[in-house]
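Chemist: Given chain A, work out where chain B should sit, using these hints.
Chains as they are written, first to last, in my numbering: chain A, 1055 to 1215; chain B, 70 to 248.
Since the hints were made in silico from the structure, they are not lab data.
Every value quoted in this text rests on a predicted model; they were computed, and no experiment measured them.
Incorrect hints may appear among the rest.
[As the list claims (entries may be wrong)] Here are the simulated BS3-like pairs of lysine-lysine, each with C-alpha atoms no more than 25 angstroms apart in a straight line:
(1) A/Lys1136 <-> B/Lys231
(2) B/Lys122 <-> B/Lys180
(3) B/Lys116 <-> B/Lys136
(4) B/Lys219 <-> B/Lys231
(5) A/Lys1206 <-> A/Lys1072
(6) B/Lys230 <-> B/Lys180
(7) A/Lys1143 <-> B/Lys136
(8) B/Lys136 <-> B/Lys104
(9) A/Lys1136 <-> B/Lys116
(10) B/Lys122 <-> B/Lys104
(11) A/Lys1143 <-> B/Lys230
(12) A/Lys1072 <-> A/Lys1202
(13) B/Lys75 <-> B/Lys162
(14) A/Lys1136 <-> B/Lys219
(15) B/Lys75 <-> B/Lys116
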Amino acid sequence: MGVNAHPQLGGDGFILSKISDIANWGRKNSLWPMPFGTACCAIEMMSSFASRFDMSRFGAEVARFSPRQADLMIVSGTITYKMASVCRKIYEQMPEPKWVIAMGSCTCGGGPFDSYAVVQGIDEFLPVDVYVGGCPPRPESVIDAVMKIQKKIENVGAPLV
Amino acid sequence: MSFDTKTAVGSINQNLPGCIVEQEEFRGETTLVIKRERIEDVATHLKENLDFKFIVDVTAVDYLGIKSPRYEVVYLLHRFGADYDDNVRLRLKVRLTENELRVSSLTGVWKGADWLEREVHDMFGIEFEGHPDLRRILMPEDYDHYPLRKDFDVRNREPSKKSFERALREVGADYKPAS
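Only chain A is shown next, with the shape it has when bound in the complex (with noise of 0.2 angstroms):
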């Protein structure tokens, strides 16, 4: 009857998996990004999310400026000190499971900047999952890290509660 009977499902209408896989797969294929853009990166950032380069074909165009309805933070410019504890906070107010790519060379190493108020690396104090180096990086890059975060969480996942 209805859905078990139907003929794309084998006909026998049976799906045999685990509630895990399901979730993630759920996860996987609508990704919320958090944008934290704090310098050109996010002008690139921008671009992947529109029109010409079009992170939707991916399942992961709805930005959220709210921490709370997102799972993924794309940190996309300069970090410094003091911005840090803002980005740390932002962070923890994102609800599990959550993930963090960090884009262009800045947030990957401090890029040029050698100086007494920038963060050499935002590793320093978030956890990062994908790093995109670039200065800035170009909007295929940031869609690879946006699929490598769809692999990472197919494969590794995140626990169900």
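Modeler: Same frame as chain A, now just chain B:
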């Protein structure tokens, strides 16, 4: 009637004699070194009587090991005019020694000097007397160095880290340094 800096210098010398310590000309730019105690008088005269209505920037230079006195505070002024020639820029400087890092605030003359003087205070530790709100503007409030002084190591991140960790403790964020 066109206006040039000679008119301005003449007017200052006439109305406030002895205020200009030194005058430099370089590629059509005029720089006046002003007596520290008289900067507010000169600024008021320039704004009220000579139409220098706009303060473009306030900054400072640290000449550690190059010349003495060590510091110079630099004021860039602009005078708007209907004709091209009436638009004039003028640079004022005040020399400060290490023992007397104080100069009158110009916020009473130009309101726009407020944040500019706060930045100079933040970066060089120069006190602006009479400033309404002389707090740090760029660095964290508990930061205890002056980054643009020449004897500060620009790669020294430890003070910034301390302020960062304190800011996190204040909100109770769960922060563990990377191992």
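Chemist: A separate judgement is required for each hint: does it hold in the structure or not?
Modeler: Cross-check of the supplied hints:
no.: 1; hint: A/Lys1136 <-> B/Lys231; result: holds (10 angstroms)
no.: 2; hint: B/Lys122 <-> B/Lys180; result: holds (11 angstroms)
no.: 3; hint: B/Lys116 <-> B/Lys136; result: violated (31 angstroms)
no.: 4; hint: B/Lys219 <-> B/Lys231; result: holds (22 angstroms)
no.: 5; hint: A/Lys1206 <-> A/Lys1072; result: holds (17 angstroms)
no.: 6; hint: B/Lys230 <-> B/Lys180; result: violated (34 angstroms)
no.: 7; hint: A/Lys1143 <-> B/Lys136; result: violated (46 angstroms)
no.: 8; hint: B/Lys136 <-> B/Lys104; result: holds (18 angstroms)
no.: 9; hint: A/Lys1136 <-> B/Lys116; result: violated (37 angstroms)
no.: 10; hint: B/Lys122 <-> B/Lys104; result: holds (21 angstroms)
no.: 11; hint: A/Lys1143 <-> B/Lys230; result: holds (16 angstroms)
no.: 12; hint: A/Lys1072 <-> A/Lys1202; result: holds (22 angstroms)
no.: 13; hint: B/Lys75 <-> B/Lys162; result: holds (17 angstroms)
no.: 14; hint: A/Lys1136 <-> B/Lys219; result: holds (22 angstroms)
no.: 15; hint: B/Lys75 <-> B/Lys116; result: holds (16 angstroms)
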